[in-house]
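S.K.: Below, each chain spelled out in residue letters.
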Amino acid sequence: MIEAKNISLVYGDGTKALKEVNLHIKRGEIAYITGPSGSGKTSLLKLIMGMEYPTEGSLKVMGQSMVKEQASNIRKLRRNMGPVFQEFKLIKGRTALENIVLGMRFLNFNPKEMEANANKALEKVGLSHKRNSLVEKLSWGESQRIAIARAIARKPSLVLADEPTGNLDIDNALNILDILTSLKDEETTVIITTHATHLIRDREEGLFIRIEEGDLQWERREVMAI
Amino acid sequence: MGKTGGYGNMKKVAYNLGYFFREARTLFKIDFFPNIFSIISIGLIFFILALVISGWGISNYIIGIVEKEAEINVYFNDGLQDGEINRLMEDIKRIDGVGKVILVRQDEAYNRMAEILGKEASILELFDDNPFTSFIEVQIQIEEADSILDRLERMEDIDYIRDNKKVIDRLQDIVIILKVLGVLAVIAVGVSTLIVVSHIIRQGIYNNREQINTLELLGAPEFFIGFPFLLEGLFLTLVGGILASLLLILIFKIGYGQMEIALPFIPLPPSESLTINMVFLILAMSGILGIVGSLFGLAKHNINH
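Line by line, the protein sequences give chains A and B.
Here our numbering = 1-based position in the first sequence + 444.
Here our numbering = 1-based position in the second sequence + 1.
Wrong hints could be hidden among the right ones.
[As the list claims (entries may be wrong)] Below are the EDC-like pairs computed for lysine to aspartate or glutamate, each with C-alpha atoms no more than 16 Å apart in a straight line:
1) B:Lys13 to B:Glu223
2) A:Lys490 to B:Glu223
3) A:Lys536 to B:Glu211
4) A:Lys520 to B:Glu223
5) B:Lys13 to A:Glu657
6) A:Lys533 to B:Glu144
7) A:Lys490 to A:Glu531
8) B:Lys13 to A:Glu531
Since the hints were derived computationally from the structure, they do not count as laboratory data.
Assemble the whole structure, with the sequences as input and the hints as a guide.
M.R.: What follows is the structure, encoded as C-alpha cells:
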C-alpha cells in the first residue's frame, strides 16, 4: 500500500522534517504514528496525501509515485483516500449530512448509495441525531467525529487520520480509535497519528511507528491465528 | 475500493446539477452587494455597446436608402431636338447600373429651385429669363457610379454632368468611422466585461479558498470545484445583459417617438426588428463573455495545485 525508500523532506526554510525514512505499510494494516509535537508525523501524512513531495528518496502510495510531475494523478489518487484533518476542514454553512455527502459527490456513487453511506457513517460515529445540524453548531468532539464520518463514508482504500483523538476525553478518544481500527475488517488501510502514546500502548495488533526529530523507528505487532 | 463502478459521468453531472446551482447561489449571496454593483456595471457596459452598435446599424440603413436614391444630372448641348434628347435618354438607360431616366424641363427645373429656396425664391425674379436649362435626371446604383460616369463622359451631346458622389463619399466615410468606433466599442466592452467577471470570480475563489482547498484534498476534479463559479459568472453577465436590454428597449421607444416628431423625413429601420436583433446580440454576448470571463478567473487562480 505504501512504500517509502530513503525519503527526506526539507521545507523551504531549511527545516528537516523527515530524514531518510524507510517504511512499508501493508494493505489492510493499521499504522499508528506517534511522536512529540513537531516530530514529523503530520509531514509524513502530507507526503502520503501528496500535499508535499519528498526532497529525496522515493515514495509510492497505492502504486503511484508521489512526485510533483504526477500532480494530476495524485489528485485522482486522493479519491481513494479518506483524510481526517487535525482542523477537520468541515465546510461551514452546511449540515453534517451535507458535508459527508459532499465528500462523495464526485466519486462513483449514485445518490442512494451516497445517502446510505452517509447514514451508516453517522451511525458508526454515534451522531445520527446531528445529521441536520449545521457544522458550526457542533462541539469540538462532534466535529471531529463528523470529519471521521466523512472520511469513512467514502469507502476509501486508505484512511489518514491526523490526531483524531486530540482534545477528546479518554472515553471518546478510545471510541474514535475503535471506529478507525474496525475499518481493518473492510480491508481498509488506516494510518493514525497521535502524540497520546498511552492510548495505543496496549494495542495488540498494528504497525507502531515512532518519529522523533524526523527519524523513524517502527515495530509490527501481529496477533497469531490459532 | 468499494465504489460503484460504471456510473456515468453524465449522470454524475445530472444529479449534481442541483448542488452546482445551490453553490452558485451561495457564492452570489456571500458577495451580495459587490455582485449587485457588478451587475449594474456590466449592464451599463452592454447598454453603451448596444447604443454604439445601434447607431452604426441605423447609419448603415440610412446610407443604404440614400445610396438607392442616388442620382446624377446630365446636361446636354443646347439646340438638341426632342428626338435627339429621347435617343440620348435611351442610350443612358442601356448603361449597367442605371435606374430611372427622367427629362426635367427648363420650367420644372425653375420650380424645383423655387421650392428649395422657399421664402428666398424672390431672388429668382431678378432674372429676366429662366436661368435654368433642361437636364436628364439619372438614378444610379452608387457602387457603379464610376463606370457610369466614365461611359457618360464618352457620350456625344453631353455638355456637363453633375454628380452627388462627393456627398455619398462623405456619408460612406462617416459609416467607416462609425464601423471603426463600433469595433473599438465591442473590443472595449469585451475586455471590460472579461476583466470585471474574472475579477469577481477570483474574489469568489479567494473568499471560498478554504472550501476549495478541502475539496482539492478530497480529490474533487477541477470541473466539480469550478462549475459553480462559472454559473455565478454566467448569471452576473446574463442579468447585466437583461438590464441593458430593458434600458435599450426603453431608449428605442422614447428615441423613435421623438425622431418621428422632430425629423420625420429621416428614414429609420423598423424599431421592432432593430430591438429584437440588439436584444439577441446583447444576450448572446453576455452569455459568451460570462463563460469566458469565468474561465479566465478560474485559470488565473489555477485551481489545480
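S.K.: Please go over all the hints and tell whether each is borne out by the structure.
M.R.: Hints, one by one, checked against the model:
As the CA atoms of B:Lys13 and B:Glu223 are separated by approximately 14 Å, the hinted pair is consistent with the 16 Å bound. Proximity of A:Lys490 to B:Glu223 is assessed by CA-CA distance (about 21 Å); at most 16 Å being required, the pair is judged violated. With a CA separation close to 10 Å, the supplied pair A:Lys536 and B:Glu211 stays within the 16 Å bound. Of the supplied pair hints, the one linking A:Lys520 and B:Glu223 holds, its CA atoms being roughly 11 Å apart against a limit of 16 Å.
Proposed proximity of B:Lys13 and A:Glu657 is contradicted: the alpha carbons are some 45 Å apart, above 16 Å. The suggested pairing of A:Lys533 with B:Glu144 is violated, with an alpha-carbon distance near 71 Å, which exceeds 16 Å. Among the hinted pairs, A:Lys490 with A:Glu531 is consistent with the structure: their alpha-carbon atoms are about 14 Å apart, no more than 16 Å. About 29 Å separates the Cα atoms of B:Lys13 and A:Glu531, which puts this hinted pair outside 16 Å; it is violated.
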